[in-house]
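Student: Each protein sequence line maps, in turn, to chains A and B.
So the first sequence is numbered by our numbering: it starts at 1 and just counts up by one.
So the second sequence is numbered by our numbering: it starts at 273 and just counts up by one.
Derived by calculation from the structure, the hints in this document are not laboratory data.
Cβ coordinates follow ideal geometry from the N, Cα and C atoms, glycine included.
It is possible that some hints are incorrect.
Unchecked claim - A few chain A residues that don't get close to chain B, going by computed Cβ distances all over 12 angstroms:
1. 90
2. 92
3. 175
4. 216
5. 228
What the hints assert, rightly or not - Partial chain B-side listing against chain A, Cβ under 8 angstroms, derived:
6. 325
7. 336
8. 348
9. 452
10. 459
11. 463
12. 466
13. 473
14. 479
15. 483
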Amino acid sequence: MTAEALAQRPPAPPRPWTRARIAGWVLLGLWAAAGLGLALFLVASWNPELFSQYAPRYLSGLWVTIQLVAISVAVGALLSIPIAYARLSRNRVLSWLGYAYVYVFRGTPLLAQTFLIYYGFGSFRPQLEAVGLWSFFREAWSCALFAFSLNTAAYQAEILRGAIQSVPRGQWEGAAALGLHRLQALRLVVLPQALVVALRPYGNELILMIKGSAIVAIITVYDLMGETRRAYSRSFDFQTYLWAALLYLALVESLRHAVDWIERRITRHLVR
Amino acid sequence: MDALALLSFGPTGWGDEIAWGVLVTVSLALATLPFGLALGFLVALAKQSPEPSLRAAGQIYTTIFRGLPELLTLFLVYFGVQIGLQRIVRLVIPDAAIEVNSFVAGMIALGVVFSSYASEVFLSAFKAIPRGQYEGGHALGLTDAQTMRLVILPQLLRVALPGLGNLWLILVKDTALVSAIGLSDILRQAGIAARVSREQFLFFGVAILIYLALAVISSAGISAIERRVGRARPAR
Chain A
1 MTAEALAQRP PAPPRPWTRA RIAGWVLLGL WAAAGLGLAL FLVASWNPEL FSQYAPRYLS
61 GLWVTIQLVA ISVAVGALLS IPIAYARLSR NRVLSWLGYA YVYVFRGTPL LAQTFLIYYG
121 FGSFRPQLEA VGLWSFFREA WSCALFAFSL NTAAYQAEIL RGAIQSVPRG QWEGAAALGL
181 HRLQALRLVV LPQALVVALR PYGNELILMI KGSAIVAIIT VYDLMGETRR AYSRSFDFQT
241 YLWAALLYLA LVESLRHAVD WIERRITRHL VR
Chain B
273 MDALALLSFG PTGWGDEIAW GVLVTVSLAL ATLPFGLALG FLVALAKQSP EPSLRAAGQI
333 YTTIFRGLPE LLTLFLVYFG VQIGLQRIVR LVIPDAAIEV NSFVAGMIAL GVVFSSYASE
393 VFLSAFKAIP RGQYEGGHAL GLTDAQTMRL VILPQLLRVA LPGLGNLWLI LVKDTALVSA
453 IGLSDILRQA GIAARVSREQ FLFFGVAILI YLALAVISSA GISAIERRVG RARPAR
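So here's chain A without its partners, still in its complex pose (with noise of 0.2 angstroms):
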């Protein structure tokens, strides 16, 4: 472009400043004064101490929590398959009892779920201890993961249903037409195409369960929620909720950002 041509453009008029505008700058400006807030308590109320002697153990928590959603994730996808079948099943007993169970651990909140397998388990600790799995029930973290595997397998196996059930028709019968089998066409046809819809449902769930998983404090189990109910219990001070507020949101966001990298590349041929 030629200085001439740029020349004639008249400059843009200055953004007025609206309602919209001044409200936003507002908003805008208490958040940064929030998170300066924020920034300058966690400096002056710095102790070297207190730090030294929780940092080891907020990690720790850190890492049981991270423990405890992998794994009750991964048990939880593995249930999730029988479950979603069943849901899917022409069988109307199984895909009933496939309903009923999605209902039941959909509808109650886990914390309730995690109460009954942890005390109210103990009630049959004779027959429990008859058939071996009395240590299994004793245990808080035992019990949470069992819970939670069961919760999010609920979860899960609706996600699972959901993408399958979003793949058309005619993707089966091509598979049909082309001699392939129905679990060859499930592992080579649908499972590819259903599993880029459930990505995201999927990475929700996961952040779900990290934010969850904070509850299993409130049955002494000492994840990162856990660890900073200790220290403000023997400290009272009350940035060990800050840090611990601060440790989650960086997980969560980081996993999210994770997952959004994730779908953008796995969808990059369906990009026009």
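Given the coordinates of chain A, assemble chain B onto it according to the supplied hints.
Tutor: Okay, now just chain B, sitting in the frame of chain A:
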């Protein structure tokens, strides 16, 4: 003692205590709903605004409150508000002790979490409404506020209803967390009954069944509302 006697209403049974817990849970959820809806709508308004600074402010809000565990938000509000208020009040009265009501703390925390999810539901509902609706409102001589209230909002609510129904079900489940800050909801009352009577499985099982009943009633209510709202839709 058998299960029926334990669950009876009376001095020996726990029925009345648990019924009180149901009342607390339901009233907490109902009290949170309007607060969360209004806040969520305002945040959605900010996020769909053409003004970038307003959008950014709304985005920060959802990022924070959707990223924090609900339990942590609850503790942050419960202890944070308590400490904050105490500091302010002590400037005037040096040895005041402030106790924040756990019902109010629960309402604020759950409402804030609810609103951050509701704002996303409203935002996608806003996208479903064609520009022509705004233009039509202006062409009739309505002000911005009138267009929003009389033209956009009725359509918006209809589109947002299924999403908001889901959020209501999540809200009812999330109320169980307030038992951790000492509010006598279903789960806490059931827990006390379980500890005293040593019938842990019975009482936590009853709690689960009550939550399930609340979910069934809520779903029935939501689909009744959806049917009613759907009926008003003009034929196309």
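Student: For every hint, state whether the structure bears it out.
Tutor: Consistency of the hints with the structure:
1. Distance check for residue 90 of chain A against chain B: the nearest CB is about 25 angstroms away, which clears 12 angstroms, and the non-interface claim stands.
2. No Cβ of chain B approaches the Cβ of residue 92 of chain A within 12 angstroms, the least distance being about 21 angstroms, so the stated non-interface status holds.
3. The Cβ of residue 175 of chain A sits about 33 angstroms from the closest Cβ of chain B, beyond the 12 angstroms cut-off, so the non-interface label holds.
4. The Cβ of residue 216 of chain A sits about 10 angstroms from the closest Cβ of chain B, inside the 12 angstroms cut-off, so the non-interface label is violated.
5. Distance check on residue 228 of chain A: its Cβ comes as close as 8 angstroms (rounded) to a Cβ of chain B, failing to clear the 12 angstroms threshold; non-interface status is violated.
6. Annotation: residue 325 of chain B was flagged as interfacial toward chain A, and the flag holds, the nearest CB pair being 3 angstroms apart, inside 8 angstroms.
7. Satisfaction of the interface hint for residue 336 of chain B is found here, the shortest Cβ-Cβ separation to chain A being roughly 7 angstroms, below the 8 angstroms cut-off.
8. Given the 8 angstroms rule on beta carbons, the hint for residue 348 of chain B holds: about 6 angstroms separates it from the nearest Cβ of chain A.
9. About 5 angstroms separates the beta-carbon of residue 452 of chain B from the nearest beta-carbon of chain A, less than 8 angstroms, and the hint is met.
10. A distance limit of 8 angstroms between C-beta atoms decides the matter here; for residue 459 of chain B the minimum to chain A is near 6 angstroms, and the interface restraint holds.
11. Using the Cβ-Cβ criterion of 8 angstroms, the hint placing residue 463 of chain B at the interface with chain A is satisfied: the shortest such distance is roughly 7 angstroms.
12. Contact between residue 466 of chain B and chain A, as hinted, is supported at the beta carbon level, the nearest pair being about 6 angstroms apart and thus within 8 angstroms.
13. Using the Cβ-Cβ criterion of 8 angstroms, the hint placing residue 473 of chain B at the interface with chain A is satisfied: the shortest such distance is roughly 4 angstroms.
14. The interface hint given for residue 479 of chain B is met, as the beta carbon of that residue sits about 5 angstroms from the closest beta carbon of chain A, less than 8 angstroms.
15. Because the closest C-beta pair between residue 483 of chain B and chain A is about 4 angstroms apart, less than 8 angstroms, the hint holds.
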